[in-house]
Amino acid sequence: MPQLNSVPLSWYLILSAILFGLGIAGFLFRRNIITVFMSIELMLNAVNLTFITFSYKLRQVDGHIMSFFVMVVAAAEAAVGLAIILTVFKNRQTLDIDEVESMKY
Amino acid sequence: MDLILFLVFAAIAVGCGINLVVQTHPISSALSLIGVMGSLAILYLLLGAEFLAAAQLIVYAGAIMVLFVFVIMLLNAGAERKPASRSYAKLFGVPLLVVFLGLIAYIVQTFLPKTEGVQFGKFTGGGAYEIGIKLFTDYLLPFEIVSVLILVAIFGAIVLARKEID
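Residue numbers (my numbering), protein chains in the order written: chain A, 1 to 105; chain B, 1001 to 1166.
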């Protein structure tokens, strides 16, 4: 039984795995394109938590820098991705990923 | 105290994550995602990453989620229709996900060497000063490349969304 003033390092990693798994589930199950996009953000957050946990373990700040870069890339990705969603909605009047299938066949 | 804070905010994060996946209306999912990001910021603070906790709240929960909510309102996105025939996915997907996560938890618990627990205040190298020193010495080239990436993303977003305006 761990003491009350310290948390095992592995619990952080397990929490990160749970959040990543939930992100995968949302990415695969949801059909709304915006919700799919938010699931990707959830996965990026889970990876950030892993980076920061190992940064604590190694007592180095490099993991924080990586996490910072992930945040920047996520912001850029959100801007471009939401612009793509706007264009798709303007052309097709739908947000359902099952109806945007012209590149499938 | 650390353990209580971790358990409370980990429970909030997982609950909001499940809510994100289960909800059918995108605005509910967006609010759940804000809950996940806020509780993750508290966990970053527990791990000694003060700068990233602030950046998480400002950049993620502030800027990115405002963008999401704005697009949801702009497109007037409603609840998604019921899926036609995906009962097999629910039948097998959820147990497989639980088994997968259990396996990961087992592997992490087994192979991670017994280290000291995470205590608040043990690692204080995550402030803005240390991050700035590291960012502008060792990671200067990635930093500059990232600025080009942001510039390209701005151009891309403007070009893609311009048709919307005219």
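Check each hint, because a few of them may be wrong.
Now the stretches of chain B that chain A is said to cover, found in silico as 3 or more residues with beta-carbon under 8 Å [what the hints assert, rightly or not]:
| hint | segment |
| --- | --- |
| 1 | 1008–1020 |
| 2 | 1026–1038 |
| 3 | 1045–1051 |
| 4 | 1054–1065 |
| 5 | 1095–1109 |
| 6 | 1126–1136 |
Every beta carbon over 10 Å from chain B, so not counted as near; a handful from chain A, in silico [claimed, not checked]:
| hint | residue |
| --- | --- |
| 7 | R31 |
| 8 | S102 |
| 9 | Y105 |
Beyond 12 Å from chain B on every Cβ pair, some chain A residues (computed) [stated by the list, open to error]:
| hint | residue |
| --- | --- |
| 10 | K90 |
| 11 | E101 |
| 12 | M103 |
It should be emphasised that the hints constitute simulated quantities derived from the structure, not laboratory data. Even for Gly, the Cβ is constructed at its ideal location relative to N, Cα and C.
Notebook entry, point to check: Hint by hint, which ones does the structure fall short of?
Noted result: Violated hints: 7, 10; rest satisfied.
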